[in-house]
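J.: Spelled out from the first residue to the last, the chains are:
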Amino acid sequence: MVNFAALIAALWIIPAVAIILMLALRRPHLAEYLNLLTSIAVFGLTLTILVAVPDKALVTGAQYILLTPLGAWVLFCVGLVYLLASIYAIGYMRLLPEEKPRLHKYYALQAGFALTMLIAPLMNNPGIFWIAIDFTTIVSAFLVGFEKEAECIEAAWKYLIVVSAGLALALLGIILFYWGGTFVLGPTYALTWANLREVAPKVPETLLFLSFLLTLVGFGTKVGLAPMHTWLPDAHSEGPAPVSAMLSGALLNIALLGIYRFLSIVDSGGYSLMGHTALLVLGVLSLFVAGMFIVRQDGAKRMLAYSSLEHMGVLAIGFGFGGPIAFAGAMYHMVNHSMNKSLMFFGAGNMMRAYDTKYMSKMRQVLRYYPVTGALWLLGAVAITGAPPFGLFLSELTILRGGILSPNPWAVWVMAILLILIFTAFMNHFRRMIWGPEPEPDEVPTLKLSLWNSLPMWLALIPVLVLGLWWPSGLWGFFQQAFMVQP
Amino acid sequence: MLIFHLGPLATSLFSLLAILALVFSFVMLASHWLKNHVYAFAAESWTIAAISASIGYYGHYPELYIIAALTALFRGTFLPYLVLRLVKRLDIRREFTPLLKPSSSMILGAALVIFSYEVSRQLGVALHLTDNIAVLALTCMFSLKLIGFLMMILRSEAISHILGLLVIENGIFLGSQILVPGMPALLELVIIFDLLTIVMAFGMLVRFLQTHAGTTSSRGLQKLVG
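These protein sequences, in sequence, are chains A and B. Quick note: the first sequence uses numbering that gives the first Met the number 0, first residue 0, plus one each step. Quick note: the second sequence uses numbering that gives the first Met the number 0, first residue 0, plus one each step.
Rather than coming from a laboratory, the hints here were simulated on the basis of the structure. Take these hints with a grain of salt, some might be off.
To be verified - Partner residues aside, some chain A positions facing chain B, computed with beta carbon under 7 Å:
{"id": "1", "residue": "149"}
{"id": "2", "residue": "153"}
{"id": "3", "residue": "170"}
{"id": "4", "residue": "205"}
{"id": "5", "residue": "467"}
Unchecked claim - Which residues of chain B face chain A? A few of them, derived with a C-beta cut under 8 Å, are:
{"id": "6", "residue": "42"}
{"id": "7", "residue": "123"}
{"id": "8", "residue": "126"}
{"id": "9", "residue": "128"}
{"id": "10", "residue": "130"}
{"id": "11", "residue": "151"}
{"id": "12", "residue": "152"}
{"id": "13", "residue": "186"}
{"id": "14", "residue": "188"}
{"id": "15", "residue": "189"}
{"id": "16", "residue": "191"}
{"id": "17", "residue": "197"}
From the three backbone atoms N, C-alpha and C, an ideal C-beta is built for every residue, glycine too.
Build the full structure now, drawing on both the sequences and the hints.
T.: As structure tokens, then:
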């Protein structure tokens, strides 16, 4: 029997100690290795927790900590992206010599961001979960604005204000959920996911729907589902590239986990169809908005930010379809997207530094000047649009398969058409970057990229390729088991 | 469900205080002087603290006295102080670019209150609520929420956005005190702390906005589009 309480305590204490050390010692080089070591330890711990996670919900830590298979999976995604981003951050931040005096602050913030994301998925109390999500917003807003240019600060400000306003709606929803429970359990009871699920069948339908819709819109703002997505392209494109990867690959999953948990409350209330359809509609809308903006996008990281919107749409559709097949597809998609989107942001960060621009129209002949990074980036683009033989192809196909059997088969067709549109748009952008005209003589890139810049791209691409060729049967069993357990 | 039976005196006291909090939000809506906003917000928070204390008294929830004291201390005193300091430091006295005149925004606010009342009444019918106080609490909660959003929409100064958000939070807090006074006190404490952190974060970012972006108005923040 694994001692989960100890593992989780270590998971939180290691980054906390690292942050204190970084801020106390104020040594840039030390901070980057300290952050790397922390991320390796965190990755190891999340992997251990994932491997050992029991096939039922585990409540520990004086009822405050909840460990479920889905939660452990999301936690593992956080550990994975944090590790990749920490390796990459060393290479990327060294390309910004002007930030060197503040580097220890950057790494402390990055570790702090990871810490808040390691806390949130484990919270057994929806209210505390909400607060943890709020803290992820505060810490990451400072990371988005870290470079202190006008655009970065603007993005950070919009991010903080839009997401806080959205989350306020979610808090209202949580209070109404609790209020609904007081009709059954009396005035005072513990606010936990399990309790809310237990009382749901006896809560009047109107109140249950109202509470769920408020939390859906609130946490939907954090996930970046359209039409509450307006902060997402700004925040994801203006922060340093490793931060963009963490925002996109790790944080969005956590907010989606929250939505799925609230959805499970509506499910146990017996109104499963309505809740799933609401999530599904937002997912389809996100996919549509993302498709439209990707077609005409020129900013490299902005395009990737809209691609995050697309993939959150796909995940929302997957969870919205319901049923074991679509659910397994969505979980598989989560980890594939985490790795692949990190890879894409790393490539974009490298190219932005190399060509000293954020616009794809200025990045020309990428493969000639950067054969390795460029090729990895191109392969990543093929993968992220859901083309075989990569993991995202399998997961999206599984979601589509699951959708055909769901009560909302229409969404399958819409999703398929929009995915094809996005594939075409993505490939068009990359075609211009690879086979486009020669760069102007004064715009020829001269930057040498180090191993720190390309290694994390390899580390992300290889698993995505392997997972595309081979879906481990153990993983399939794990997803089925996660589906059976209340999230 | 209200968990304790209320006498007529208590009912009128709660109603009076809840309505008072709503009136303060109209004061905020009607004035374009930032200082007045902050004072109205402080008064609203003290009113909510009074609600917490009186619910603690009538409903025998001793922990609500602590919540009331902390609400008065943090929401009613410390947060307004922080925002006032920010107003002074930025040297912005009033909102220069409101979308609507005060009178029109008040009419819009009134329409939102009516809408909130209708929603709450419907909810009350669906839940077979017998207490009018619950419907009133829901009305105030939704109204403050919508008025807060309205303030954020109609105004472009960063400080006004912070204050709009604080009004929204106040609304939720007011509603939760009346509807679910038995909610674990720990959660409310952490929410107060969370609010404090977020206002400090806002304060830092607003100062960055002024130094690095050269503006604190959302009209000036138009670099990122599409």
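J.: All hints are to be evaluated individually against the structure, with a verdict given for each.
T.: A quick look at each hint next to the structure:
1. 149: holds (4 Å)
2. 153: Result: holds, 5 Å to nearest chain B Cβ.
3. 170: Cβ of residue 170 of chain A sits 6 Å from chain B, so the hint holds.
4. 205: holds (4 Å)
5. 467: Residue 467 of chain A check fails; min Cβ-Cβ to chain B is 32 Å, beyond 7 Å.
6. 42: Cβ of residue 42 of chain B sits 21 Å from chain A, so the hint is violated.
7. 123: violated (10 Å)
8. 126: holds (5 Å)
9. 128: Because about 10 Å separates residue 128 of chain B from the closest Cβ in chain A, which is outside the 8 Å limit, the hint is violated.
10. 130: violated (13 Å)
11. 151: holds (7 Å)
12. 152: violated (10 Å)
13. 186: The hint holds - residue 186 of chain B has a Cβ within 8 Å of chain A, the shortest such distance being about 4 Å.
14. 188: violated (11 Å)
15. 189: At about 5 Å, which falls below the 8 Å cut-off, the nearest Cβ of chain A leaves the hint on residue 189 of chain B intact, so it holds.
16. 191: It is violated, given that the least Cβ distance between residue 191 of chain B and chain A is near 11 Å, above 8 Å.
17. 197: holds (6 Å)
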